[in-house]
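Protein chains in written order, with the numbering used here: chain A, 155 to 297; chain B, 7 to 236.
Mixed in with the good hints there might be a few duds.
Derived coverage of chain B by chain A (criterion: at least 3 residues anywhere in the stretch with Cβ under 8 Å from a Cβ of chain A; other residues may be distant) [unchecked claim]: (1) 91 to 100; (2) 136 to 143; (3) 221 to 235.
Cross-link-like lysine to any residue pairs, in silico, SDA-like; alpha carbons within 25 Å at most [to be verified]: (4) B:K148 / A:S274; (5) B:K141 / A:Q284; (6) A:K276 / B:L92.
Per the computed footprint, the stretches of chain A lying under chain B, defined by three or more beta-carbons under 8 Å from a beta-carbon of chain B, are [what the hints assert, rightly or not]: (7) 274 to 280; (8) 284 to 295.
Hints in this document: simulated from the structure, not taken from any laboratory.
Positions of the beta carbon are idealized from the N, C-alpha and C atoms, including for glycine.
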Amino acid sequence: MANHFSPRTMTRTRIIVAFAAGVLALSACGSSSTPLSNVKAPTATSTTAANSSNTESSVVSVTTLAGASTASTTVSAPAAAASVTTVPAAPAKVTPAPVAAPPVAAPFVVDPALTQALNSAKQLLGSNTQDLNDAAAAAANGG
Amino acid sequence: MNTKHNLAIIGVGLVGILTFAGTASATEPAVDLTAAKAKCDAAVAVRTAELAKLTAKAAGAKNLSSGHLGTINDIISSSTSGLTDLQIKIDADADASTLRADCETIATGFRIFALRAPQVHLAIVGDRQSAVVAKVGDLATKLDAAIQKAAANGKDVTDATAKLADMNAKLADAAGLLPGVVDNELTFTPEQWNANHTVLSSSMTTLHTVQSDLANAIADGQAIVADLQA
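Just chain B, same shape as in the assembly (with noise of 0.2 Å):
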């Protein structure tokens, strides 16, 4: 009798535990969804200024390839339409688990500032670098030339050949890196970015180095003229 006892005790105070609990639940402060939403709004917002500012950027960059260029405005606009419609559904939300989760996909699923913003200024370093080693490739012929004239007239040109050849060694460095980088960095989305947060560091890495190469060939150009002068 104790025991049939006992266990009608311990019954009686599971269901008040489960009772209670149940009205703790139900009691949960109501989520202010209006304010959550007024914080995801601008979370859009300042995405999509951010694009706007890339989409100006890419247009004024004279040195973007027209491939590289349609990439980024594709890019640009499908994110533009995919926040667009996000903060339609923001906007409807009538529950905070699904606000929470939709302002989440915000950065998420866009990725504007970790991954779209440095692809579109990468793409611009990077094909700006193609310009040049383009440009200076041309200077070092010319300045080879005017290395040989020099050397005709009876100029000593020993130093002015050495920074030559320096300066095409950079050149060609320069050169051989930098195929590919931007197309590869373009194609990272998202979803990748959110795998793995360092996506794009071996093109930034590479874009330095190329970087460097073109400011030394550049130097050597530099001071092959000022040998020739002195």
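Pulled out of the complex, with its shape left as it was, chain A reads as follows (with noise of 0.2 Å):
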């Protein structure tokens, strides 16, 4: 088949196409939605796309458009940066020492004929109530 195209045609076309590549790749860059100036460097071991899964925060995901040679790369959302909230120490709970409990006095049985020798003697000078009423009505009778 005959080539319909000069030389200088040729030329002309590979200029505009890659113009064309050009713009597009601009374009491409234009529109990403995350500025560069955001865009974290990845680290050592993101550079490798999709490696392992513990590298989350790095992920680098390189779109290449056909042809192009600049790679766009759309980096995740950084770890959340290390937040170091400084929690208060919890003050140390103070456990009052043990106070020695008083001595719990066992219980004091009294001998049981203390008691019923108190109820006895009670009872022998109780009979004299009737002695000193008798007593007193004989000497309130006269004769």
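Assembling the complex is the task here: the two chains are given apart, and the hints tell you how they should meet.
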């Protein structure tokens, strides 16, 4: 098949295509939602796309436009900066020194015979009441 | 003449009055001696019965000392025999005035109710109190030992110790008042009572005080036991 394009035309086409590619590439960069200034340099371990799962903070997706040599990197939100919250140390719980419990005296049992003897003495003394009353009554009787 | 006449009238009048008075005395109604003697006999009988009761009372009084029992038996015996003799005399009395005097002697000569019965009762009371003093004194010693033991076990014996001190004070008061009270009150005679109706008052008051002391001492003892076991 005959080549309908002249070398000059071919050259002109190449330039146009190259230009167009450049425009597209620039356009792609400009539409990135993430400003380049916010792009965080991937860590050494994150240079490989979809690397190990424990590098979630620096997954780098590389989109390569067809034929484009410029890579557009979309970096996911950086891992939350380490927020160092200083939690005040809980005050030391002061445990009061154990107070010695007063000695509990064992129930004291008085000899039951003692109680019985007291009751007996009371009863004996109580029988005097009648005699004292009789003495007073007889004295009042006269004769 | 008139004067002589007047004197004669007065003289006749006086003689008449004297004569009338003499007649009135002679015609005083005769006392019914039999009825009077019956009343006197009844008075003797009620006293003899009282003496028998007192004899039994004294014999049954466990704490009455043998010395006091002997004194009481002597009093009762002499009173009984005296009343028996008096009753014989009364039954033989032939005139009212003698009968009246003898019948009054049933009371004044023996004073069974006013003196003898109280003497016996007070002697029993006093000797019983002496027994209680000894008994409660022994208990106070045992309570003291119990308090010491409780203190050694960690018991607070402050109250018990105070009560024991009061108990011992009451016992000491009673023990100090008792000696001689019964001996003394048993010495009083009917003649002394006739002269002074309050001869027994002092003894009776003392025995009432001792009775109160001992009741309080026993109450202290019971409170000590309660404290120690609380």
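Results for each hint:
no.: 1; hint: 91 to 100; in the structure: violated (count 0)
no.: 2; hint: 136 to 143; in the structure: holds (count 4)
no.: 3; hint: 221 to 235; in the structure: holds (count 7)
no.: 4; hint: B:K148 / A:S274; in the structure: holds (15 Å)
no.: 5; hint: B:K141 / A:Q284; in the structure: holds (21 Å)
no.: 6; hint: A:K276 / B:L92; in the structure: violated (44 Å)
no.: 7; hint: 274 to 280; in the structure: holds (count 5)
no.: 8; hint: 284 to 295; in the structure: holds (count 8)
Hint compliance for this structure: hints 1, 6 are not met, and every other hint is.
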